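Based on the sequences and whatever the hints tell you, model everything.
Protein chains in written order, with this note's numbering: chain B, 2 to 248; chain U, 8 to 246.
Quick caveat, the hints were computed from the structure, so don't treat them as lab data. Treat the hints loosely; a few may be bogus.
List time: in silico SDA-like cross-link candidates among lysine to any residue, alpha-carbon distance up to 25 Å [said to hold, decoys possible]:
id, chain 1, residue 1, chain 2, residue 2
1, U, Lys102, B, His130
2, U, Lys43, B, Asn184
3, U, Lys43, B, Thr222
4, B, Lys45, U, Arg90
5, U, Lys102, B, Glu241
6, U, Lys104, B, Thr222
7, U, Lys43, B, Phe90
8, B, Lys106, U, Lys104
9, B, Lys104, U, Gln85
10, U, Lys104, B, Ala164
11, B, Lys45, U, Lys104
12, U, Lys43, B, Glu86
13, B, Lys104, U, Asp36
14, U, Lys43, B, Lys106
15, U, Lys104, B, Leu129
16, B, Lys104, U, Ser33
17, B, Lys106, B, Glu241
18, U, Lys102, B, Arg103
19, U, Lys104, B, His130
20, U, Lys43, B, Arg183
Partial chain U-side listing against chain B, Cβ under 8 Å, derived [to be verified]:
id, residue
21, Arg35
22, Glu78
23, Ser81
24, Glu106
25, Met110
26, Ala116
27, Ser119
28, Met120
29, Ser130
30, Glu132
31, Ile134
32, Ile176
33, Ala179
Part of the chain U face toward chain B, derived, beta carbon under 8 Å [as the list claims (entries may be wrong)]:
id, residue
34, Leu58
35, Gln85
36, Glu109
37, Ala115
38, Leu117
39, Leu124
40, Gln128
A quick note: this is a predicted structure, and the numbers were derived from the prediction, not measured. From the three backbone atoms N, C-alpha and C, an ideal C-beta is built for every residue, glycine too.
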Amino acid sequence: MSNGARPVQLDPSGPPLLAASGGPLALAPLNTMSLRDQAYVLIKNAIADTDIYDPKQELRLDERQLTEALGVSRTPIREALSLLEQEGFICTVPRRGIYIVRKSKREIIEMIQVWAALESMAARLATLHATDAEMAKLRHLFDEFMNSPPAEHLSEYSDANIAFHTAVIALGGSQTIVDATRNLLSHARAIRRATIGQNDRAARSIVDHLNIIEALERRDTESAELLTRQHTLELAAHIERHCDFLD
Amino acid sequence: MNMTASIIQRAASTAPLALAPLNATSLRDQAYALLKGAIADTDIYAPQQELRLDERQLTTALGVSRTPIREALSVLEQEGFIRTVPRRGIYIVRKSKREIIEMIHMWAALESMAARLATQQASDEDIAKLRHLFDEFQGSPPSEHLGEYSDANIAFHTAVIALGGSQTIVDATRNLLLHVRAIRRATITQSDRAARSIIDHLNIIEALERRDTELAERLARQHTLDLAAHVERYCDFLD
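So, in structure tokens, the structure goes:
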């Protein structure tokens with residue numbers, strides 16, 4: 002990216018104000034909690050949209066600039082930053098400032114293993130609880146790649162790939178698993194994007210996905226779980242072997 | 008627990024000249040750790056338990072200003088341990104039966120992944136320590152010392168997770184531990200679960216010792232999924 006050093010982009014006009022979307026007479030109170038939550042969502046989205054593994058990317062956040070960009074006082078910004086630090090997205094270095102955290106190769110492999118554990122449990126639960134109609138939607142994510150190989154549309158395929166994994170997790174019907182994977186998603190997404198172009202991974206990935214979909218459709222609990230886990234553990238092994246640029 | 012005494016003791020227990028600067032972040036972290044510890048020590052599923060927290064009382068008890076308390080509460084709310092109800096106050100959150108079953112599913116997923124990784128990475132000595140957690144129950148059935156067995160049970164599951172060597176899995180299970188522990192304690196006395204639990208544990212230990220990756224993973228998962236199924240059938244008191 003040519004302007005690799007750009008600061009994190011914040012869009013205060015992004016998501017609507019929580020209170021305004023509640024319809025007539027159903028206004029939520031405008032307390033400081035909702036400002037904090039709005040600041041939290043905006044800053045987290047801005048971090049997710051930043052290519053944090055680009056070596057030229059500026060990772061320092063300026064609290065005053067965040068305050069001005071979002072048009073709120075320092076308290077909700079600080080509370081939002083406090084949550085983001087607790088979740089490991091940023092870290093405060095005394096007398097230096099606040100920095101977006103880049104994960105190490107070791108941490109990324111661990112996150113992918115957690116993803117494999119949670120997505121395979123979701124696949125297990127999906128075979129027990131999801132409806133046939135919900136299952137059928139998975140196939141359509143790949144419709145546009147059936148006639149031409151995914152290598153010819155890597156960027157679109159990468160988006161479909163991420164949508165597939167997120168959809169399997171949703172099919173499990175466990176809000177706890179959905180919530181737990183949400184914080185892994187921004188890192189997992191960056192890594193899936195970065196690796197999908199390597200070693201013909203896209204072509205192999207679509208074969209794995211179709212096998213997972215068939216196991217889900219057959220309600221084959223053990224196979225769906227095993228294939229889902231194996232598919233994502235192979236990503237971890239791939240990163241172990243090929244992604245030394247992360248360290 | 009006397010929180011003021013404990014915060015002072017924590018500051019005093021650091022070695023001479025190795026004092027961390029008392030900045031706002033460390034006050035928040037201390038308040039967070041103390042509040043979370045206090046919630047963990049509360050039997051939140053007892054029906055008579057008072058669940059409301061008084062921010063002013065917390066501020067007085069911890070001897071700090073409102074800002075670090077509010078930041079700590081903000082993190083605890085984000086983690087789902089407490090909930091702010093406008094014009095009512097701050098409440099410790101009791102999980103519903105559905106949420107507890109989901110947390111146990113998640114625990115099963117993470118502990119079984121840790122068991123898989125343990126067969127590939129843990130040392131023989133570390134795996135051998137698992138057996139000794141149950142030494143005192145070899146001569147007499149666990150049902151005769153349920154309190155101790157319940158502690159050993161929880162120590163076993165935490166140890167399997169540590170053996171996996173993944174800090175990310177350890178961190179992800181830490182926030183589940185508080186609720187899962189309360190439920191394991193409450194259910195260990197039901198339907199002869201303790202006697203069956205010790206057999207499952209020994210099978211998991213043997214699979215880990217043989218470095219049988221697939222079996223260790225499957226047994227660890229099945230053991231905890233059985234707990235989820237038990238809660239589904241027998242724990243209607245949660246709703």
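Cross-check of the supplied hints:
{"no.": "1", "hint": "Lys102(U) with His130(B)", "verdict": "21 Å, holds"}
{"no.": "2", "hint": "Lys43(U) with Asn184(B)", "verdict": "21 Å, holds"}
{"no.": "3", "hint": "Lys43(U) with Thr222(B)", "verdict": "37 Å, violated"}
{"no.": "4", "hint": "Lys45(B) with Arg90(U)", "verdict": "22 Å, holds"}
{"no.": "5", "hint": "Lys102(U) with Glu241(B)", "verdict": "38 Å, violated"}
{"no.": "6", "hint": "Lys104(U) with Thr222(B)", "verdict": "23 Å, holds"}
{"no.": "7", "hint": "Lys43(U) with Phe90(B)", "verdict": "21 Å, holds"}
{"no.": "8", "hint": "Lys106(B) with Lys104(U)", "verdict": "38 Å, violated"}
{"no.": "9", "hint": "Lys104(B) with Gln85(U)", "verdict": "22 Å, holds"}
{"no.": "10", "hint": "Lys104(U) with Ala164(B)", "verdict": "30 Å, violated"}
{"no.": "11", "hint": "Lys45(B) with Lys104(U)", "verdict": "31 Å, violated"}
{"no.": "12", "hint": "Lys43(U) with Glu86(B)", "verdict": "17 Å, holds"}
{"no.": "13", "hint": "Lys104(B) with Asp36(U)", "verdict": "22 Å, holds"}
{"no.": "14", "hint": "Lys43(U) with Lys106(B)", "verdict": "31 Å, violated"}
{"no.": "15", "hint": "Lys104(U) with Leu129(B)", "verdict": "18 Å, holds"}
{"no.": "16", "hint": "Lys104(B) with Ser33(U)", "verdict": "23 Å, holds"}
{"no.": "17", "hint": "Lys106(B) with Glu241(B)", "verdict": "8 Å, holds"}
{"no.": "18", "hint": "Lys102(U) with Arg103(B)", "verdict": "33 Å, violated"}
{"no.": "19", "hint": "Lys104(U) with His130(B)", "verdict": "17 Å, holds"}
{"no.": "20", "hint": "Lys43(U) with Arg183(B)", "verdict": "23 Å, holds"}
{"no.": "21", "hint": "Arg35", "verdict": "7 Å, holds"}
{"no.": "22", "hint": "Glu78", "verdict": "5 Å, holds"}
{"no.": "23", "hint": "Ser81", "verdict": "5 Å, holds"}
{"no.": "24", "hint": "Glu106", "verdict": "7 Å, holds"}
{"no.": "25", "hint": "Met110", "verdict": "6 Å, holds"}
{"no.": "26", "hint": "Ala116", "verdict": "4 Å, holds"}
{"no.": "27", "hint": "Ser119", "verdict": "7 Å, holds"}
{"no.": "28", "hint": "Met120", "verdict": "4 Å, holds"}
{"no.": "29", "hint": "Ser130", "verdict": "18 Å, violated"}
{"no.": "30", "hint": "Glu132", "verdict": "23 Å, violated"}
{"no.": "31", "hint": "Ile134", "verdict": "19 Å, violated"}
{"no.": "32", "hint": "Ile176", "verdict": "6 Å, holds"}
{"no.": "33", "hint": "Ala179", "verdict": "6 Å, holds"}
{"no.": "34", "hint": "Leu58", "verdict": "19 Å, violated"}
{"no.": "35", "hint": "Gln85", "verdict": "5 Å, holds"}
{"no.": "36", "hint": "Glu109", "verdict": "4 Å, holds"}
{"no.": "37", "hint": "Ala115", "verdict": "7 Å, holds"}
{"no.": "38", "hint": "Leu117", "verdict": "5 Å, holds"}
{"no.": "39", "hint": "Leu124", "verdict": "7 Å, holds"}
{"no.": "40", "hint": "Gln128", "verdict": "11 Å, violated"}
Of the numbered hints stated above, those contradicted by the structure are hints 3, 5, 8, 10, 11, 14, 18, 29, 30, 31, 34 and 40, listed in ascending order.
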